[in-house]
Amino acid sequence: MYSQDESLEALQDIKKMMERSSRFISLSGWSGIAAGICALLGAWFAHNKITQYSTEANTDKTTHDIFSFPQIGLLQELMLIALFTFMAAFVFAFIFTYLRSKKNKIPLWGLTAKRLLINTAIPMMVGGIVILRMMQLGYYELVASSCLVFYGLALVNASKYTLAEIRYLGYAELILGVISFWEIGFGLYFWAAGFGVLHIIYGTWMWWKYERVKS
Amino acid sequence: MKNPIDSLNKVFDSRVRLGVMSVLLVNEEINFNDLKELLQVTDGNLASHLSNLEENGYIKVKKGFIGRKTNTTYSITKAGEKAFKEHLGGLENMIKGAK
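Going down the list, the protein sequences come from chains A and B.
Quick note on numbering: the first sequence equals residues 1 to 215 in this note's numbering.
Quick note on numbering: the second sequence equals residues 1 to 99 in this note's numbering.
I should point out that these hints are in silico values taken from the structure, not numbers from a laboratory.
Since we're looking at a predicted model, the values are computed, not measured.
No residue lacks a Cβ here, since even glycine has one placed at the ideal position from N, Cα and C.
Fair warning: there could be bad hints in the mix.
[Unchecked claim] Pairs of lysine-lysine, PhoX-like flavour, derived with a Cα cap of 25 Å:
| no. | chain 1 | residue 1 | chain 2 | residue 2 |
| --- | --- | --- | --- | --- |
| 1 | A | 16 | A | 103 |
| 2 | B | 36 | A | 160 |
| 3 | A | 114 | B | 69 |
[Said to hold, decoys possible] Computed footprint of chain B on chain A; a stretch qualifies when at least three of its residues, placed anywhere within it, have a C-beta under 8 Å from a C-beta of chain B:
| no. | stretch |
| --- | --- |
| 4 | 19-31 |
| 5 | 127-141 |
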């Protein structure tokens, strides 16, 4: 009845079903790379705006603190850049993941996608509220670090519901975020490193590991 | 020594039933539609396999409602967990026997 080959096949089937039913495995490495590029572009735009405003303001205080210009105009433009960056990153991440799920013939929207979304959204939403309140109170210098920390927590939480390696990206974001709390004034650079460079590294690693066509 | 075949469970010969048990081992509970999507089988096919597993006492069925729609969820029983793990052990022994 059961040969060795059949036993092996049955075990592989079991493993596949367990994985498929508990983790969202369609997340593409390209999504990470695309999100990273969006973040770097966003940071570049933000950096230009800040330089532009600080020259206009022509302050003789030479401060590196890029979040210490609470001019309303700059703030609004930075918020706009941030929003646009986030949306672009999300759209590109979605497209590549959609393509991967198509290729692997796994439905994109299902039990695992729902779980992943909820468990990522909880730390992100709370983080968003906290950061908005920080800005209201004028603690702009803490915004970039807080983004990194809450995002890191969201990723560590998400790692139970998708590719387990995302946990390491989460740890890296957390370390970077915590360090940046002591390097006030370099927020944008840390932000670019965390959301730009780390995403690109992670995306490339995941692509290499799971999607590369092995010859 | 016990013949490894003895620990293989006939109920789990079917790929669908094996799939259901695998899914239920890692998910506390799951509803009919999600299960159908995961295993990619038809309604009737899945339903008959599920009732077989239920008759064997390996899974528990809970009928509920979401709004006006029925929502049937399934979960694994202690007996089911034990039977499935024994079956896994059996498979392992079969493979070990090859060496």
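Structure-based check of each hint:
no., hint, result
1, A/16 to A/103, "holds (17 Å)"
2, B/36 to A/160, "holds (23 Å)"
3, A/114 to B/69, "holds (20 Å)"
4, 19-31, "holds (count 3)"
5, 127-141, "violated (count 0)"
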